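Those protein sequences? They're chains Y and H, same order as listed. Counting with our numbering, you get residues 1 to 164 for the letters of the first sequence. Counting with our numbering, you get residues 1 to 149 for the letters of the second sequence.
Worth flagging that the hints you see were computed from the coordinates, not collected in a lab. Treat the hints loosely; a few may be bogus.
Just some of the chain Y residues that point at chain H, by a computed CB distance under 8 Å [said to hold, decoys possible]: (1) Val21; (2) Pro26; (3) Val35; (4) Ser50; (5) Pro73; (6) Ile81; (7) Glu83; (8) Asp93; (9) His152.
To list a few chain Y residues with every Cβ distance to chain H over 12 Å, as calculated [what the hints assert, rightly or not]: (10) Phe9; (11) Pro62; (12) Val63; (13) Met65; (14) Leu67; (15) Asp91; (16) Lys125; (17) Arg126; (18) Ser139.
Note that this is a predicted model, so its numbers are computed, not measured. No residue lacks a Cβ here, since even glycine has one placed at the ideal position from N, Cα and C.
Each chain is listed here by its residues.
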Amino acid sequence: MVKAKIASFDKLKNVVREPNVVELMPWKSIHPEIVEPMITGLGNMEVHDSHLAMGFGRITRPVTMGLPTHKHPHDQWIWLIGEPEHFHEFDADVEMTLGNKIVKINYPCYIFIPKNVMHCPLAVKRVGKPFIFIDARISEEASVRPKTYKKHTPVKYIAPKKKK
Amino acid sequence: VKKEDFMVSLEKLKNVKHTKNLIELKPWKSVFDTITSPMITALGLKDIPESNLSIGFAYITKPDNISGPSHKHPFDQWIFLIGTPENFLDLDADIEFELDKKVEKINYPCYAFIPKGMYHCPLVVKRVGKPFIFIDARLTREASIRPTG
Numbered sequence: 001m002v003k004a005k006i007a008s009f010d011k012l013k014n015v016v017r018e019p020n021v022v023e024l025m026p027w028k029s030i031h032p033e034i035v036e037p038m039i040t041g042l043g044n045m046e047v048h049d050s051h052l053a054m055g056f057g058r059i060t061r062p063v064t065m066g067l068p069t070h071k072h073p074h075d076q077w078i079w080l081i082g083e084p085e086h087f088h089e090f091d092a093d094v095e096m097t098l099g100n101k102i103v104k105i106n107y108p109c110y111i112f113i114p115k116n117v118m119h120c121p122l123a124v125k126r127v128g129k130p131f132i133f134i135d136a137r138i139s140e141e142a143s144v145r146p147k148t149y150k151k152h153t154p155v156k157y158i159a160p161k162k163k164k
Numbered sequence: 001v002k003k004e005d006f007m008v009s010l011e012k013l014k015n016v017k018h019t020k021n022l023i024e025l026k027p028w029k030s031v032f033d034t035i036t037s038p039m040i041t042a043l044g045l046k047d048i049p050e051s052n053l054s055i056g057f058a059y060i061t062k063p064d065n066i067s068g069p070s071h072k073h074p075f076d077q078w079i080f081l082i083g084t085p086e087n088f089l090d091l092d093a094d095i096e097f098e099l100d101k102k103v104e105k106i107n108y109p110c111y112a113f114i115p116k117g118m119y120h121c122p123l124v125v126k127r128v129g130k131p132f133i134f135i136d137a138r139l140t141r142e143a144s145i146r147p148t149g
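The shape of chain H in the complex, shown without the other chains (with noise of 0.2 Å):
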């Protein structure tokens, strides 16, 4: 079966109930060319009524600006970059990724959290020296509180 015939795009993804708390996860095809591994994503809402986390995970394994222009959501979200499983803290890449209009240059393992309201991206991936996990995780906006003020 050729890679083609079994990634949809992310707007024809439909993950599969087992039960009512129970997803299994189908592949998708990135829209960057560089992003050639399937791409997992747990849909939140979509899968599950009240699941309000969505979570999306890439393998890395070439330069590329895989984010959209600088821009903000009424959601929080989450941007982990990590290494593989053998080692999540051998991050052999250099990234630039603009938080709140300042850029960050990123060449560890680490999250970057962006608060709802917060101007972000582009995420670029300057250098790969080697493979690694990009993740995207989001929270509904109803969830993404702010109970201390």
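Excised from the complex, chain Y in its bound form (with noise of 0.2 Å):
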């Protein structure tokens, strides 16, 4: 089978399918380090009003992102969690600078990063185990910080066949 090439992030077009659901295509990360495909959901640049835009990358080997250290006017998360059979297993070194600060991170985690607080490079030193790397952010316009919020209701699952 010809392995189809992948596109570079700027060229990358996910494929809307129904008027809320994207079809999520390939792209090739600018590191070399990275050599998975990528994948990125692309928020209101593809579906109005949607303005989450999440990316994942499958980290095998140390590399360095995110230079140089800047801000935005944005919130934005990134994650750092295993592979999925055991997400909360995660075996790497991680140093990611933060503010005035360079957290050193060897744990399942997300770090908040407020909008216009400074920060990266985001630099893998060691990978024991493969890991899941997710980039999400959320339009300025998203970006609030009301004086209060309404009470949120705790998220519910319920398991309408489970076992008793």
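The two chains are supplied separately, each in an independent frame; assemble them into the complex guided by the hints.
So this is what it looks like as structure tokens:
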């Protein structure tokens, strides 16, 4: 089977299959250390009102991402988690600049990067086991700071067929 | 250590705050019998004030109805259905997801955007050729804005 050429991020076009359902297409990381295809939901670039953009990569070897140190007017989150059978198992050493600190990470986590906070690089120093890297960001308009939040009902899942 | 010994229910989940903006994710046990691997979830405001995004991750290996009945809520939500990390594009499963009273048949890696106020679910995994990743992401209602009307 001929392997299809994978687009660079700037040429990525996902496919809107239904009004709110988007098929994710592959793109090639700018980092040669990231060999498997990346996928990214492009937020309101592809679906009106959809303020969340989210990208996924598989990290298998040391790599430094996000240079130079920068900031932006929207909120961002980075997830560093294990592979799916054991999301909570993370065997790697990572250093991330956040504000004026370098945080050292060797556990499954996420990092909240508030708008206008300087951050990066994110340096993966050692990879014991491959892991998942996720970059999520919301639009500038959605990066709100209300004085108070309405009370949110906690997430509750119901298993209709759960065995007693 | 048995899985049951370290996996709590979602109600009892407490992630660990290492610094103001850095949260260690702890495992919890799905309410669905078919989801046996530990789940992890970022709890949004419960973890960090001003962090308007909550996201949960599950590993799906068997068919099941992994949702409640049709419902709606006043915040935006996204569901991602993607392959495992060796190839996120390789989604080998048949899924039926009711969105805005229409059943969408999904057999490709995707995300579904569920705008606030839109009826959605059930989400039924009919067939699993290869295990895959299910992600449930939701914003606070305050961040679920519509600047262009």
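message: Does valine 63(Y) clear chain H by more than 12 Å, comparing its Cβ with all Cβ atoms of that chain?
response: It holds; valine 63(Y) is separated from chain H by about 15 Å at its closest Cβ, greater than 12 Å.
query: Per the CB criterion, is glutamate 83(Y) less than 8 Å away from chain H?
result: holds, 6 Å
message: Tell me if the interface restraint on valine 35(Y) is satisfied: Cβ within less than 8 Å of some Cβ in chain H.
response: At about 10 Å, which exceeds the 8 Å cut-off, the nearest Cβ of chain H leaves the hint on valine 35(Y) violated.
field: Interface-negative label, methionine 65(Y) against chain H, beta-carbon threshold 12 Å
entry: Holds: least Cβ distance 16 Å, greater than 12 Å.
query: Close enough to count: is the Cβ of proline 26(Y) nearer than 8 Å to one in chain H?
result: holds, 5 Å
field: chain H contact restraint for histidine 152(Y) - C-beta distance below 8 Å
entry: At 7 Å from the nearest chain H Cβ, histidine 152(Y) passes the 8 Å test, so the hint holds.
message: Hint validation: proline 73(Y) versus chain H, beta carbon distance must be below 8 Å. Holds or violated?
response: violated, 14 Å
field: chain H contact restraint for isoleucine 81(Y) - C-beta distance below 8 Å
entry: holds, 6 Å
- prompt: Can the hint on valine 21(Y) be confirmed by a CB-to-CB distance to chain H that is less than 8 Å?
  reply: Since chain H brings a Cβ to about 5 Å from valine 21(Y), closer than 8 Å, the hint holds.
query: Beyond 12 Å from chain H, beta-carbon-wise, is arginine 126(Y)?
result: holds, 18 Å
query: Does the nearest C-beta of chain H fall within a distance shorter than 8 Å of the C-beta of serine 50(Y)?
result: At 4 Å from the nearest chain H Cβ, serine 50(Y) passes the 8 Å test, so the hint holds.
Assertion that aspartate 91(Y) lies outside the chain H interface [Cβ separation over 12 Å]: Given a closest Cβ separation of 14 Å, the condition holds.
Comparing the model with each earlier hint shows violations of hints 3, 5, 8, 18; every other hint is respected.
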